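Keeping their order, the protein sequence lines are chains Y and Z.
Residue numbering for the first sequence follows our numbering, starting at 1 and increasing by one per position.
Residue numbering for the second sequence follows our numbering, starting at 1 and increasing by one per position.
For the record, the hints were derived by calculation from the structure and aren't laboratory data.
Computed from a prediction, not measured in an experiment: that's the story for all the values here.
Just so it is clear, CB atoms sit at the ideal spot from N, CA and C, and this is done for glycine as well.
Please note that a few of the clues may not be correct.
Claimed, not checked - Pair by pair, the computed Cβ-Cβ distance ranges are:
hint	chain 1	residue 1	chain 2	residue 2	range
1	Y	His-56	Z	Gly-536	46 to 52 Å
2	Y	Phe-5	Z	Ala-40	52 to 58 Å
3	Z	Gly-536	Y	Pro-63	56 to 62 Å
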Amino acid sequence: MPVSFLIRRLFLLVPMLFGVIVVAFVVSHLIPGDPAAVNLGQYAMSDPKIVAAYRHQWGLDQPVPIQFVDYLGRLLHGDLGISQQTHRPVLTDLRDYLPATAELAIAAVLISIVVGIPLGIISAVHHRKLPDHLSRLLALMGVSVPVFWLGLVALDVFYVHFSWLPGPGRLDESLAAPRTITGLFTVDSLLTGNWVDLKSSLGHLILPAVVLSGFSTGLFTRITRSAMLEVLGRHYIRTARAKGLVGWRVILGHALPNALIPTLTSVGLAFANLMTGAVLAEIVFDWPGIGRYAFQAATNLDFPAIMGVTLLIAFTYIMINLVVDILYGFVDPRIRA
Amino acid sequence: MSQPRKLGLRMVPRSLAVGALLLAFLARPAMAAPRANTSASDTLVAAMYFDGKSLDPGRQFENMGNAAVHAMYDTLVTFAHGSLTTAVPDLATAWKISNAGTVYTFTLRSGVKFSSGNPLTSADVVWSLKRVQNLQGNPSFLLNNMASVTAPSPSMVRLTLKHADPAIMFILPNPSLSVLDSKTVIAQGGTDAANAAKTDKAEPYLNAHSAGSGPYILSAYQPGNSISFAANPKYWGAAPKLPKVLLLNQQAPTEKLTLEKGDTDLGLNLSPDQLSSLKGSSNLSAYSLSSPVMFFLLLNMSAAVGGPTANNMVRQAIRDALDYAGIAQLAGQGSVQPAGIVPVQFLGALPLNAAPKQNVAQAKALMAKATFPNGFTATLEYPSDITVNGQDFGLFAQKVQSDLAAVGITIKLAPKPVAVALPSYRAGKEQIGLWEWGPDYPDPSDYLNFLPGQLVGLRANWQAGADAQLGQWMTQASGTADNAKRVAIYHNIQTRLNAIGPFIPLFQPAQIVATQKTVTGFHFNAIWQTDFNLIGK
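Using the sequences plus the hints, can you model the full thing?
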């Protein structure tokens, strides 16, 4: 992977993020809603003095272009503004809420990879046989079942009835959070040797991560299956077999690496999607992450928070795409060259 | 394409085994340890939906803030347990009202200290009330009628009103009017100055620490997630039954599951459709309490905006066409149809038997008389992305649509996000609107807002002076202290509103609350949910 490629991609980050800022700012200010109407009470809204004070406090009394320039100026100083819903700096909010979502998304992607890719391989190897039908059915269910429904059913079964797994939240309520290093409770408790927290945080992570992984697991299964089917029909696979290579070597050594490229792309996108699309899972599982924060921001027309979350999402997508591009090089030597 | 079957089969168990091992590792800790009940014996774990943005008494005005602030701060007067009809002493042990009803002199309880150890004096009360007034925040309107507040002595507070208003004793218990430790808050950037809206910087401090004299102090606040309280060792009253409270942000479905599991002791925002299964639980006590929230239809009085709804015969036809019993059934067990705009549990509410009933024949006759024998088409706007007391506006909008279709009125449903619908409603631009009103304080005077020229009246373009009789009664209602006379005036107002007004009260939803059967001392309060310090288990 040439260094110039990396530098070029990182340099492109700036115009891309700027574009995102412009679009997000314009779209959020084009909404025919009024933040004052949502955030001020009935009486406060009827008092012009209070409304004026509110607009002044949040900079809404300026023309939109001036607001935009002000925003950009503050952004360049690392200031994302104050959230109207938490009355705290957006940066503090993102710092507090992002690790919870990252932990959930990482766990969900890992589960999806571990389950989805093997299922896709099985499906392709047993094309049009019972294992194929079963894994396709599972994949279909994974992409179709709504997260909020699956989450509630999973809680009802595994938490309420069988008591196999803990309920909502990131940690048992009686426990204090581990010392913050990464913000990921499982990692931090491991790094600090806090085994009680590790046990509790892992237990709390299972249900939301499994539920959230449903869609991406189904996606990986389908993509891996179709890519494997295509590759397994190629001449070089037949040649490999003709040369006497045993089956698993052909599949894992020759077919899978070539079938992994589309899967890798989908893993990257799915991870970004999980980072930003965990709203329902976070609400059902009482998970204090960025999805729940973004939802509250959108319903309250909390412009600074909407902008902060949008920037974070854009940054996440861009960085993950960059990582995926780099990984292509390892999977496919033609790209590396 | 032919695949050597045996090779695939050899590979499959390995990949499955890797996945299974990883899953087993992830699942191992939780499976190895059956879930212990996290609701420790010294902690009350309560769940509610967090609608609040702040724990600063002078800035908050939502259910979450009220519940939390009431746990940490005291007010001059309060309501005992669930009652909202009589103000009782809190920081003030006695009070005198001048003959003109404009000067209230409160005597403060002696020996009260803030959690900081600072003594509570009349100067703190004066500072706190002035701060609320000058912050120009959501609760500032509560003191719109306050001309001045002074401290004649360290134990006396004199509150002078601009005009006599018996509702002030129902306003003062509001948690927003809590008394703060002025020395501490000033040191953290707080101010009661006239320009406090711009210069007060105490909110971040008050979101991280409490500065009150109430039964609890703030241990931790994670916005949107949880609030922890610990008993205030310097509290002047009886020590809280439980030394710790953990308040969690949960939506109704999750609230129910954690209650059933025994991880929470109290769920405050459950939904009506959960009631029957909650009542079926052997471990839970479920309550269908009467919420003072009122859902109503707004029919615009302006011909330009409302068209046919500007015609009173049409409005009466709509009133007659609605199936109130069916609406109450949709709202679930515990909901009621108020007869007027004042909620059934407040002073001045009309008796339930005076409520309008469906009369489709009469509605059709009125439509014909109003020269709309073939009906008309109208737009009904409502907020589509919020629920109130678990009630979805869309469900009731559809019910209204189907009821009005029976008298020839075609309703076009216009659901909008609340951020978009609210400005339209408040600007009086809705032909027909479906909204709710939650009381700002438990007194019928809060409902004078529905009269011509007032806050909600104007949203239906009902201009001041549109009805002289109502105007006269409104003046009388504001200046009358005698409760019997007030009841009569409010009955008159509501009867007239039902006859000519633009509002149709539909129902008051139930507030569904559940506790573990082991919980004692729970009382629901419509303003601050409950007194956490009185709850034991």
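Enumerated hints in conflict with the structure, sorted upward: Going through the list in order, the structure violates no hint and respects every one.
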